[in-house]
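Q: Residues per chain are reported as follows:
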Amino acid sequence: MPAGHQPILELKGITKSFGGVEALRGVDFALLPGEIHGLVGENGAGKSTLMKIIAGVHTEFSGRFLVDGAETHFRSARDAHAAGIAMVHQELSVAPDLTVAENVFLGNQPVNRFGLVQWRRMAREAGEQLARFGIYVDPMSRLGDLPIGLQQLIEIARVLFSGARIVILDEPTSALSPPEVERLFTTLRRLREEGTAIVFISHFIEDILRVSDTVTVFRNGRKVAETASAATSKGALIEAMIGRGGETLEHSYTDDLMLPRPSDSPVVLKVDQLSLARSLQDVSFEARAGEVLGIYGFMGCGQQELSRILFGKLKPDSGTLAVEGAPKTFASTAAARRAGVALVPESRRDMLFHQEPVYKNISISILDRISALLLKPAQERDIARHQVEQLQIRPPVVGLDLGMLSGGNQQKVALAKWLTYPPKLLVLCEPTRGMDVGAKNDVINIVRDLRAKGLAVIVLSTEPETVLSLADRILVLKRGALVREFRNEPVSKDRLLEAA
Amino acid sequence: MASSDTVPAAAARARGLAPFLRSQMRNIAPFLTLIFLSGFFAFASPSFATLDNLGNILTQVSVTGIIAVGLTFVILCAEIDLSIASIANVTGIAVAYFTLQESYVNIANVPLPGAVAIILSILLCALLGLVNALGLTVIGIPSFIMTLAMMQIAAGISALLVRGQIAYKVPSLITTLGSGSIGGIPWIVIVAAIMLLGGHLVLTYTRFGRYVYMVGGNREAAEYSGLNVKLILGAVMVISAVCSGLGGMLGVAHFGSAQQNEFDTYLLDSIAAVVVGGTSLFGGRGGIGNTIVGLFVLGVLNNGLDHVNIDSFLKILIRGLILLAALVINVYAQRLREKAAE
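In order, the protein sequence lines correspond to chains A and B. Here the working numbering is used: the first residue of the first sequence is 1, the next is one more, and so on. Here the working numbering is used: the first residue of the second sequence is 501, the next is one more, and so on.
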């Protein structure tokens with residue numbers, strides 16, 4: 001353990017707010033050379049905000065920022081880079097059409113004195129670097145032809161070998177297979193020996209415990225615990241992440257919640273052995289009428305892909321879908337809609353027409369039913385008005401452009417659009433993300449209402465609260481596979497996190 | 501001019517007048533341009549602001565107008581069709597090819613009854629549009645490239661049909677519609693007006709028209725709404741080709757001859773009419789109303805420049821500059837609108 005060294009990076013009393021909302025409140029954070037520092041916390045706990053401050057992405061904050069004991073203020077990510085700080089973001093940011101070698105040397109290819117790229121030297125050095133990482137690929141092959149996990153490893157390798165003294169990895173393992181995770185950890189340990197400081201953010205607490213020396217826990221913008229990894233456990237960390245007691249007005253779902261007896265109403269959707277490249281493996285489940293099925297998992301666990309397959313936007317590599325017993329292969333989203341399946345994706349931008357009035361956004365799903373050829377705007381408005389009233393959309397003006405509504409009300413419009421249809425199966429992705437408590441409750445009530453009307457509803461979320469507040473039955477998706485089903489038994493946030 | 505009924509009054513109340521005007525800039529700017537140009541030419545030339553000359557302008561923009569109807573659908577979907585002029589040309593040539601020519605015309609053609617010739621020609625342009633549609637939707641070739649290829653293909657068919665010769669005769673119905681007139685009004689103006697009106701009605705009052713705006717406004721959202729986006733995109737490509745074909749047939753009758761490269765200038769003119777009128781190149785905004793204003797801006801400009809006796813080579817440059825200005829306004833209006841929506 002590299003204890004006793006002077007911290008390579010030290011932050012004191014960091015406070016950062018976005019438009020009046022405090023994302024970080026008086027956080028102290030120190031990083032020692034030759035240390036792997038794990039960071040855990042729920043979505044929105046402040047991990048990423050802190051890392052973006054360190055990487056020079058956020059430059060406005062209060063508090064002290066010391067590098068090698070000297071007060072520093074980065075004005076840009078470039079400054080941070082010059083100080084030897086590099087970050088690997090969660091989303092892959094490689095150039096798939098360039099060669100592996102070009103990707104490794106992106107932005108600083110070796111050139112000869114005429115300014116021409118030295119291809120042979122670049123290929124050789126890239127090959128050597130990657131070999132240190134246990135990656136043996138032809139450096140001149142096109143990066144996009146390699147599997148996603150390998151691409152991610154190469155991106156991580158590029159950053160790790162860029163000579164940075166401080167490396168921040170945000171969810172590096174979510175797209176990696178177990179042997180790839182192993183390779184990554186071996187490399188991280190080797191870099192630690194060489195004195196590099198590494199920050200490792202992950203939802204996979206097992207990974208954090210295996211590779212890091214120290215773990216810091218964030219909750220609601222505060223640092224709530226910092227402990228040696230050897231001295232803690234998954235359970236203790238989850239407890240620290242969630243916190244006990246009524247800290248917020250909202251139901252915190254820390255206590256056990258009893259799931260109801262599984263319903264024996266007819267099966268609306270049957271999914272059998274669905275697989276998609278590296279995203280989903282042999283996923284099988286059923287959704288029944290009058291039941292809300294929750295599917296919980298971390299970011300990148302395959303939820304998004306699953307929802308797109310159900311709505312005909314993505315085609316699975318293998319596996320079958322059946323709606324009310326009839327096997328389906330959706331050629332398009334139009335086919336899925338005709339079969340009675342509806343999807344509300346996590347991004348409202350993707351499913352609503354911001355420059356069109358509310359009523360057109362609502363009527364789009366039923367236009368073919370109310371008008372054969374000519375539009376019937378009066379009827380469209382009536383239907384929209386009815387929905388606006390039912391769902392208490394504010395302001396209740398159906399002619400207003402959608403873009404002028406608040407996020408919560410837009411989400412209600414997204415629901416209203418399908419409620420008029422109405423589908424047999426409604427798939428909701430992150431239905432309450434980014435909403436205030438009032439809007440959240442409204443959405444929860446709407447979904448309960450739909451269940452009462454006999455719809456099958458599937459709620460996919462990376463937030464345990466969302467799933468717990470809505471679902472009658474919960475499936476846990478982990479790295480593309482269903483690993484646990486909660487039915488007719490007590491469930492809580494701890495139990496969900498434990499399973500994922 | 502806006503085809504959408506977005507309750508402007510409510511919008512104005514909610515946001516104030518200035519942002520409302522800003523959001524309507526794409527409709528207002530072309531109109532002001534038209535008024536300005538008309539005023540300028542009326543002032544500069546006594547022969548410009550006459551009823552006769554208005555008739556001239558209407559006749560001059562008719563072929564462009566017929567072609568621009570279909571192109572408006574395409575641009576509303578945020579796609580482009582570069583094959584319109586070539587398809588117009590090949591359809592005009594085809595209808596002459598299927599008509600008995602005078603003996604001095606040296607083309608090995610296939611004379612057929614007039615109705616059959618017209619139907620075959622329309623089928624030809626519809627087929628070429630269908631190829632565009634399949635390339636765009638099934639194969640996934642961007643419309644810019646797909647229609648660029650079609651531009652060559654259609655030109656190639658034209659070349660094979662006429663082999664450098666010129667045909668003159670077309671079926672009598674086409675001759676009447678292209679060059680005849682009724683009660684002093686040229687038939688071609690009436691046809692253009694009917695087609696523009698038809699296009700407007702389809703876009704504004706039919707379900708298909710709504711889908712065109714929705715697909716253009718946010719293709720992703722249209723797909724997430726379960727619309728058959730590919731079917732709609734394919735349909736607009738066929739509509740565009742058929743409008744071009746009709747424009748080509750009447751154009752041939754209007755000019756009095758069918759030959760290679762006859763319609764080359766109509767590609768730029770049609771695109772310019774749609775875009776100058778304020779239909780968004782990013783899709784979802786604008787409509788036939790905008791296209792009509794755009795047609796008049798171009799028509800007044802072309803006609804007016806003749807009246808003020810300007811260097812005919814300078815004319816080309818001026819047209820280019822006006823088009824550039826319209827593009828700047830188009831892109832700028834989109835940005836303002838997006839800001840207003842946020």
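To be clear, the hints were calculated from the coordinates, so they are not data collected in a lab. This one's a predicted model, so the numbers in the text were calculated from it and none came from an experiment. Note that the Cβ used here is the ideal one computed from N, Cα and C, for glycine as well. Possibly wrong hints are sitting among the right ones.
Claimed, not checked - Derived lysine-lysine pairs resembling DSBU-like cross-links, with alpha carbons at most 30 Å apart:
#1 Lys730/B to Lys424/A
#2 Lys328/A to Lys815/B
#3 Lys730/B to Lys315/A
#4 Lys730/B to Lys270/A
#5 Lys313/A to Lys815/B
#6 Lys453/A to Lys376/A
#7 Lys376/A to Lys815/B
Unchecked claim - Facing chain B, according to a computed beta carbon distance under 8 Å, are these residues of chain A, among others:
#8 Lys313
#9 Leu314
#10 Lys315
#11 Arg337
#12 Thr420
Said to hold, decoys possible - Reference excerpt, derived from the structure (chain B facing chain A, CB under 8 Å, subset only):
#13 Thr550
#14 Asp552
#15 Glu602
#16 Val605
#17 Ala659
#18 Arg663
#19 Gly664
#20 Ile666
#21 Tyr668
#22 Thr675
#23 Arg719
#24 Asn728
#25 Phe782
#26 Gly784
Q: With reference to the structure, classify each hint as holding or not holding.
A: Structure-based check of each hint:
1. Lys730/B to Lys424/A: At roughly 25 Å apart (the allowed maximum being 30 Å), Lys424/A and Lys730/B satisfy the hint.
2. Lys328/A to Lys815/B: With Cα atoms ~61 Å apart, Lys328/A and Lys815/B exceed 30 Å; violated.
3. Lys730/B to Lys315/A: Between Lys730/B and Lys315/A the Cα gap is close to 16 Å, so the pair holds against 30 Å.
4. Lys730/B to Lys270/A: holds, 28 Å
5. Lys313/A to Lys815/B: violated, 50 Å
6. Lys453/A to Lys376/A: Holds, because 28 Å separates the two Cα atoms, which is no more than 30 Å.
7. Lys376/A to Lys815/B: Distance of about 47 Å is beyond 30 Å: violated.
8. Lys313: Since chain B brings a Cβ to about 7 Å from Lys313/A, closer than 8 Å, the hint holds.
9. Leu314: violated, 12 Å
10. Lys315: Cβ of Lys315/A sits 14 Å from chain B, so the hint is violated.
11. Arg337: holds, 3 Å
12. Thr420: violated, 12 Å
13. Thr550: Since the shortest Cβ distance to chain A is 41 Å, the answer is violated.
14. Asp552: violated, 40 Å
15. Glu602: violated, 45 Å
16. Val605: With Cβ-Cβ at 44 Å, over 8 Å, it is violated.
17. Ala659: At 38 Å from the nearest chain A Cβ, Ala659/B fails the 8 Å test, so the hint is violated.
18. Arg663: Check failed: Cβ of Arg663/B comes no nearer than 44 Å to chain A, outside 8 Å.
19. Gly664: violated, 44 Å
20. Ile666: violated, 43 Å
21. Tyr668: violated, 41 Å
22. Thr675: violated, 34 Å
23. Arg719: violated, 10 Å
24. Asn728: Holds: closest Cβ of chain A sits about 4 Å from Asn728/B, inside 8 Å.
25. Phe782: Result: violated, 10 Å to nearest chain A Cβ.
26. Gly784: Holds, about 7 Å.
Going down the numbered hints, you'll see the structure goes against 2, 5, 7, 9, 10, 12, 13, 14, 15, 16, 17, 18, 19, 20, 21, 22, 23 and 25, while the others check out.
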